[in-house]
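When you get a sec, could you build the whole thing from the sequences and use the hints?
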Amino acid sequence: MDLKFPENYSLSLRSVWMGFIILFIVLTVAVSGLVYFSSLGRASLNIEMQSSIADNSEIFYGIDGAYSQENSAREPVVVGENKLKFLLPHRVSSLRWDPLSIGSDVDVSRVFVTVYGFKVGVGKIKISPMNDVVKSVDSEGEGFVVVMRESVDDPQANLEMDFSRVHRYLLIGSLLVGAIAAGCIIVFFKILINLRSFFLWLDDALSRVYLRFRRDDFSLRETGALILYGAVLYVYFLSTFSFSIDDEMAALRQDQSVWVSQGRWFVYLIERFIFPQASVPFAPYLLLIVSMALSYSLLLRAHRYTPGWKAYLAFPVFCAFPVWWFIAEFASNIPSLAFGLLFVCLSIYLLFSADGKVRLGFRGRALDYACVVTLLACAIATYQSFILVFATMAFGVLVTRVLDGDKALNMSFKYVAVRCLIVFAVALSSVVLYFLINSVAQYYIAADSGYTSNFVDLAAIVADPVGVLRGVFVEANLIYSGSADRYGADISFSIAVILVATIFLIGYGRRRAVLILPLWVGVLAAPFALIFMSGGHPLPLRTMIALAYVYWLACMILLSHRRALLTILAGALVVIYEIQLVGVNSQYIASATITQSKDRMLAEEIYQRIGSLGGSFDQIPAPKIDVYGGRVSSNVYANGWSSTMQGSFFAWDGGNLRRMLYYFEVMGYGKLPFLEQSERIPLTPIFEEMPVWPSAGAVKKVGDYYLVRLGKAPDTVHAKFVK
0 MDLKFPENYS LSLRSVWMGF IILFIVLTVA VSGLVYFSSL GRASLNIEMQ
50 SSIADNSEIF YGIDGAYSQE NSAREPVVVG ENKLKFLLPH RVSSLRWDPL
100 SIGSDVDVSR VFVTVYGFKV GVGKIKISPM NDVVKSVDSE GEGFVVVMRE
150 SVDDPQANLE MDFSRVHRYL LIGSLLVGAI AAGCIIVFFK ILINLRSFFL
200 WLDDALSRVY LRFRRDDFSL RETGALILYG AVLYVYFLST FSFSIDDEMA
250 ALRQDQSVWV SQGRWFVYLI ERFIFPQASV PFAPYLLLIV SMALSYSLLL
300 RAHRYTPGWK AYLAFPVFCA FPVWWFIAEF ASNIPSLAFG LLFVCLSIYL
350 LFSADGKVRL GFRGRALDYA CVVTLLACAI ATYQSFILVF ATMAFGVLVT
400 RVLDGDKALN MSFKYVAVRC LIVFAVALSS VVLYFLINSV AQYYIAADSG
450 YTSNFVDLAA IVADPVGVLR GVFVEANLIY SGSADRYGAD ISFSIAVILV
500 ATIFLIGYGR RRAVLILPLW VGVLAAPFAL IFMSGGHPLP LRTMIALAYV
550 YWLACMILLS HRRALLTILA GALVVIYEIQ LVGVNSQYIA SATITQSKDR
600 MLAEEIYQRI GSLGGSFDQI PAPKIDVYGG RVSSNVYANG WSSTMQGSFF
650 AWDGGNLRRM LYYFEVMGYG KLPFLEQSER IPLTPIFEEM PVWPSAGAVK
700 KVGDYYLVRL GKAPDTVHAK FVK
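Using numbering that gives the first Met the number 0, read the sequence shown as starting at 0 and increasing by one per residue.
Any given hint could turn out to be false.
Claimed, not checked - Okay, the calculated beta carbon distance ranges per label pair:
#	residue 1	residue 2	range
1	D203	L498	45 to 51 Å
2	G122	G32	39 to 45 Å
3	N476	R510	28 to 34 Å
If you are wondering where the hints come from, they were derived from the structure by calculation, not from laboratory data. As the structure is a prediction and not an experimental result, all values here were calculated from the model. Quick reminder that beta carbons are idealized off the backbone N, C-alpha and C, glycines included.
Structural data, given as structure tokens:
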């Protein structure tokens, strides 16, 4: 008997979904199996250590303690810091590590396991002494020191860990990779099947984006003019290799996970995939200038300002405010700063452009809000202070909305309250998303270093809230008055710009002033929220990047007055203020140039004096150098508070030997071994008998050591010497 389906038969929605689920499971299992048994599906043992000699390090893989040369892997070891990576076979159940082929102690800072590039927890990895290894001494954190016998040729140690957890993570990781790949395959074929409708959807989305930007009169001509304008203001950074404190560590950094430990996971992505070497001139700053130009165009539209002569006149206040210098000193911050600024300004534009009348999304404003939350979370991950920039800009846009007096927008307390609630909800959602991603990143890549907690002092707020507020007001007074105590030089017209802008706002009428003044107070106060969270203690000015926006908005308020005479007078005030800003930045350039030139000359002279004593940075093994104290550098030009513009590599931290050696390496003098405290402290009495630099005898050879006395006062290491 033949069974015939009715002509109008069709699969039910449930059957279709069941088919997709079965296909997804089959593809997941298949892809997971392929990945698990391929070279991709292997865990890695990572060892970070310091060595005083160049040699090889070898790992032997064994099952139940049986080892052979065929089942081993070897990595070269150089003098100084090493990051060794060994792939682990699937069936390994024990590991034997030969740190070096000869006897020499090694300082292991970290040993950890990664699966598919992510760090996984396998419990504490222990090392047990075997042949020619005397002992393993635990040190702080995850590290230990491997002590070997002298004159040995085969030191061995046993690495103990929970291998079952490694295999479990590997299996879970393979399943996740398989599931993601299966999902992508299904989506890809789904798109192919519905290719026409997909392209129609994409075309519609791009058309909406294009119409939105066209409606707001974005133009390449305007952006190009702003880029050229910014290039003039940043010509020093574009044309000069300005190498300052912390750049030496960034230049030599091999592991970008340090950013994840600081809660800045987007910086990790930038250094990992876009700018692996950010301690260079030109390229990072060109990216920043382009970002500033695009961000400025977005801000103008969000505030409903016309990109005319007033906007161009105020542009230097936005992009050349001194606070940018304080953060631009650290070259590794520049690419992330560029992305963060663009993300925040795009968030403000999406949130306030046309007040929601034109939508980027297709289902209400859901896509708009999702984009804003995602962009803002990424901005926070570039620099946590950007959340305050967003809040400051939101208050500022509302100020301009009230000033517009557009009756169609029903400018009332209700409108302002609703917009503030939306801003708060978006900001809160972005912070939650940021912390979720941050938790995952710190679990798999690098643990929290406690860096951000240094900026929060809740105990002080609870104990003395009035004192904390007093500290905030003192700091606000110093900054808004343009005090030399903060900027390094007086910017006397700073307070005039703020006060006159406030007077202009009050002059718009009592009804508007009732709305405007609280919002204006929000603009002025929001940048200092982090100081309040820190217990009222002053923070580095690089955390106050919202100040650039505050002063720009104040200048735009001055230039936008309805009376022509007042606008002309305000324009004169803005021009004088900008001349002061450019003058202060010029002093910063002079300070940095002199300091960096003196450092280069000092490094060259130390090199020559060591050479005159028979030493050479190129000799093998490299010479052992110790430095006592630091050589403070100063000049007559401005030195901003918390800045590194007059910070010498030979004086920072009271004389930091590691910074000095890194500086020598970056400047091409070669890689020099770092001496431990146990070697340096006993040399203190010899240092104290030596004359201070630049006197003859300030460099001395004692045994295998070359000693350099730069300062009268000891550094933190030599200060530990007890007579």
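Going down the list of hints, with the structure as the test:
1. D203 with L498: 45 to 51 Å: 50 Å, holds
2. G122 with G32: 39 to 45 Å: 28 Å, violated
3. N476 with R510: 28 to 34 Å: Check passed, 30 Å falls within 28 to 34 Å.
When the structure is compared with the earlier hints, a violation turns up for hint 2 alone.
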